[in-house]
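J.: Since the structure of chain A is already known, use the hints to place chain B on it.
Protein chains: 2
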Amino acid sequence: MKKTADEMETVGEMKTAGDVKVSQVKIRDRFWSGIQEKVTDIVIPFQEKVLNDEVPEVEKSHAIENFRIAAGLKEGEFYGMVFQDSDVAKWLEGVAYSLFVKPDAALEERADGIIEIIEKAQQPDGYLDTYFIVKEPEHRWQNLHECHELYCAGHMMEAAAAYAEVTGKDRLLHVTERLADHIISRFGPEEGKEHGFPGHQEVEIGLMKLYHATGKEKYKDMARYFLEERGKNPDYFYQEKVKRGWQHWGQYSLEKLDVSYNQAHLPIYEQKEAVGHAVRALYMYTAMADLAGTDGDSRLYRACRTLWDNIVNRKLYITGGIGGNPEGEAFSNNYELPNDMAYAETCASIAMVFFAHRMLKTEADGAYADIMEKELYNSTISGMQLDGKRYFYVNPLECEPGVSGKLFGYRHSLPERPGWYACACCPTNLVRLITSLGKYCFSESDTAIYSHLYIGQKAELGKADITLETGYPWEGSVLYRVTPKTEERFTLAIHIPYYVDFGREGAELTLNGKRVDAGKLTEKGYVYLDRKWEAGDLVELRFPMEIRRVYASQHVREDAGCVALMRGPVVYCFEEADNGELLQSLRIPRELKAEAYLCENGILKGNILIDVDGYRMRGGEALYSEKPPVKEKVRLTAIPYYAWANRGVGQMRVWMLEEV
Amino acid sequence: MKKTADEMETVGEMKTAGDVKVSQVKIRDRFWSGIQEKVTDIVIPFQEKVLNDEVPEVEKSHAIENFRIAAGLKEGEFYGMVFQDSDVAKWLEGVAYSLFVKPDAALEERADGIIEIIEKAQQPDGYLDTYFIVKEPEHRWQNLHECHELYCAGHMMEAAAAYAEVTGKDRLLHVTERLADHIISRFGPEEGKEHGFPGHQEVEIGLMKLYHATGKEKYKDMARYFLEERGKNPDYFYQEKVKRGWQHWGQYSLEKLDVSYNQAHLPIYEQKEAVGHAVRALYMYTAMADLAGTDGDSRLYRACRTLWDNIVNRKLYITGGIGGNPEGEAFSNNYELPNDMAYAETCASIAMVFFAHRMLKTEADGAYADIMEKELYNSTISGMQLDGKRYFYVNPLECEPGVSGKLFGYRHSLPERPGWYACACCPTNLVRLITSLGKYCFSESDTAIYSHLYIGQKAELGKADITLETGYPWEGSVLYRVTPKTEERFTLAIHIPYYVDFGREGAELTLNGKRVDAGKLTEKGYVYLDRKWEAGDLVELRFPMEIRRVYASQHVREDAGCVALMRGPVVYCFEEADNGELLQSLRIPRELKAEAYLCENGILKGNILIDVDGYRMRGGEALYSEKPPVKEKVRLTAIPYYAWANRGVGQMRVWMLEEV
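From first to last, the protein sequence lines stand for chains A and B.
So in my numbering, the last one in the first sequence is 660, and the numbering has no gaps at all.
So in my numbering, the last one in the second sequence is 1660, and the numbering has no gaps at all.
So that you can see chain A by itself, here it is in the shape it has in the complex (with noise of 0.2 Å):
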């Protein structure tokens, strides 16, 4: 098929695409249905028993018990942490993505019930904080900067608008439009207001999806007034620290706060560095994408994109992971990417896929669908063990056993994934990110459908049913079946992974089997294919899944000397557990000899693996000798980086001297 006026009308462009719901796209695929499934049957309820304190051997919650006092259906004192409401929120939200892939009227009976106690936890004047209510109820709204009050406010937004959305019932919606209306009434730029913002920023993203599901204005402009207000007065959380005159953490003094941990430091326009706490940081620019996709705002979509291009150019691992600086949970400096320091929490590499997401609701972006994509198959779903049982907080480039975990400057850095966690956000970000997988594979706009992902799925959208078939992240192979629901031509935009390149042998796009131009028809990474569909139209895409060698920049100095490999989207690791040893001492030659293969047995069953001709060297006993090593031929395994850490403790390492 050549590219014709006729057929290629729409190549260009998207302007603030549509969301598609989670209920829309019903996931059937090789890779994700398996890890979905490890999050419906095993973390769900896992976390179900943590929050109401049924399994002894962790951390205890007291989360939900926390809400029963709140209401006076309990007796006693409040459990926690500050945020520990948000643990219930961020749960809820899994359970209802959980209530479409895999339904559970049991389950939903028992969200109810949570609900139900949620909802008469709340305050007559609509606040709802049980760390508040039960414990410091004079406190309440003094401490924005600490106190994560509007936080759990946001989480709770969120978890209102996923229930809503799969189940109907909008009882938790109702309690946090109650509960917007509250904040509403005390913040905002009118007189007599607080002209506040919150510490650790959510309520933005939690704000925009009540707008998304109610349409009302208000709640999109409070979340706009919430962005707009940051920074514009840097030291408003160290004036409300003056007034209130207690602290939350720490002892109080009167040292002036650095507030660029909380990205307060400057207006968000003029923040052109990704800077401070990781998490906190990408909530902020998701809330602000989805504004700017939302209204058409430009110069805010524009702000956005200085601070992706800053944290993609600068301060990104190459597993997706986010946050060089342990201290703090923090971005680092341009350029420092410590491999075994990494902190890439888990819940950064999450909020790294919202951002994109968002992004893609401006622009049809290959770059955003492209890092979706790397957090998804490497620094997310690493945080979880294969089996669902235990979770990673840090996802580190490079474990060291004695080292990790252990010693100072590495204690965060765990060689393996801990059961639970007193602060734990990640696995309920994970829970929440895999049950709403079907958002993040399309968008759709009045003209086109954007295909982001390659998921193997049936979706219901609006212009078409659509069928996808893949056997990706493993094979290049991908097949969408299209089922139009109208007479009109339509735009199908499929992401073209950057690694792809059609004018290259075997990567080839054929619409029912007539092989399409698609490198003419390829803009920023979408291949935009315009016409009148048809029933059983069949778009099909094969493309080599190459072994690539990977360098970083000259500027990282953590990965000087190295390279890492990747295959498709999928980064890869060295263990112990296959290679012996002083993983340092090994090597891989420039001249790559390497095999990809399935892996048949054992706990790794179903991934691809990489055989690789290497080297080890070999020196002598002493600690310093002249006699330089000499190189020893080896055969080394390199296994996905997701699944790290799942056969004991070892050494594991990313990035490999590359013998030359």
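In case anyone wonders, no lab produced these hints; they're calculated from the structure.
A virtual CB, placed ideally from N, CA and C, is assigned to each residue, including glycine.
There's no promise every hint is true.
[Said to hold, decoys possible] Just the calculated beta-carbon pair ranges, DEER-fashion: (1) B:K1232 <-> A:E138: 50 to 60 Å; (2) A:E621 <-> B:K1520: 50 to 60 Å; (3) A:P234 <-> B:R1411: 23 to 33 Å; (4) A:K593 <-> B:Y1498: 36 to 46 Å; (5) B:R1411 <-> A:K26: 47 to 57 Å; (6) A:H139 <-> B:H1139: 33 to 43 Å; (7) A:E621 <-> B:E1523: 49 to 59 Å; (8) B:R1411 <-> A:H139: 27 to 37 Å.
T.: The following block gives chain B in isolation, referenced to the frame of chain A:
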């Protein structure tokens, strides 16, 4: 000259060789005289001003004022660390040696004045510690774990012995004898005495020096008591804490203490690995080695050797830096030697000189002299700026501006030397090391003179006067002119550095111009020349000074793929000032083409620098790319490590990636 039975009788072990005093060796050396001059002319006067609070721009010391207040000569409060007294003691020790290096009547008078104040501050029972005299008299001797009373006492004993040795004045010696007697009256194995030992070792060295100065066995016995009591009851510090019910550092809690930090986890004979705070450990090992050599105690010597071997084979930076763990200024795991995060405290390298020197008392093993050299030419003097005015506490092997001294994990590791420290141990320690350098050059037994270091000097020893002329460490030329004082034959045993091989061209030893088969006369790193010496006998040593590539063990992950350069005992490093930015992108070819030359200009004048034909790797601007970097020929320059950070802030690396 051939080895004959007649000429070579005493090859072999050195039995408890006697110490040579500082005042026996007048240093006149191309390398060291300038450094000694900086210490006598700049550092000592500056430190005197600091101690007298006459330098407003540095952290207040108050150390001498504390003694005045304790002596009742002034009203006021104690100020400073609990070990503030030791700054005065270490300065006095340095002054004592400097009065030989460069006599200065006015300085001696001022030092006498300070000693008079110290004497007045001493309590009637012999107690001497201004913190407890002035601030907490009720808490004396209750907190050996944290409170440094024995540490300060030890330093005062060292100062006293040095002052008596050089000036012949024994007032401070008597003060410390009374102090030692007071300590003996309180601590010891006898019933009714406290069975304690210090939290920070040092009094053991002090007591040994007091023994050497006075010949009184009780001081040596007390040193042995403190050493052998240590770790017998690993709960001693915990029990002490419970008994007193208060804490000096941090909050009082009943948590179990980690006394491996203090090397109190096991009896000294059972300690096989160097662990915990490096300076505490090395002060302890030094005292153990001194006692072993003094008593001919082979069990104790073997215990020392085990710890020595662990350090030298597992835990020593190539620069001689000690302490891979910034937390606790401590030894890290075996082979865990991070370059950018190194602690490598100046004091620890100085203490390693002490330890090596004391090991030489028992056995003339070149390994000790080699390490002594490594420390002296590298990580001790790197602690001082070339102008003598600023000091490093921490001596990293890699510096990254923007990270070093700034980010989490690296705050301790500064990119430039500060002027002074609140905890001023390192500059004062450097002063006493450099002014007392003479005593490390030789030792003397009944039958032999041992030369450990090549430092230009006139030495007045028991059996001979020796004049030593050398171009070391820049040139491999050493000339000994021997003027015997005895008719008896004796051995001159000369340390031959480990990298000198008499089997190779250019390495030769001549006696009065005649070549000696030095290889045959060499055992364990010493060449043994036994004869009836005659006035004017000339021993001349020549060896090539090659640029040597050094590789770390494959176990050291931080140095994987890297090479370092040495020439003689000097370790080299690469700085941004010579090589431009991104040192991690530079490569040293395995086939080394390098040239050593004398620097004739600028602040590095007089140093031998090394130019290397190397490569710079160039890649694209992208953070990650599938295009391998390409190499470009560049000329690189390496400078002696000790001289780094004298030309502004910039990157520095000792270990460079190698191009194979």
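J.: Hint compliance check: list the failing hint numbers for this structure, sorted ascending.
T.: 2, 7
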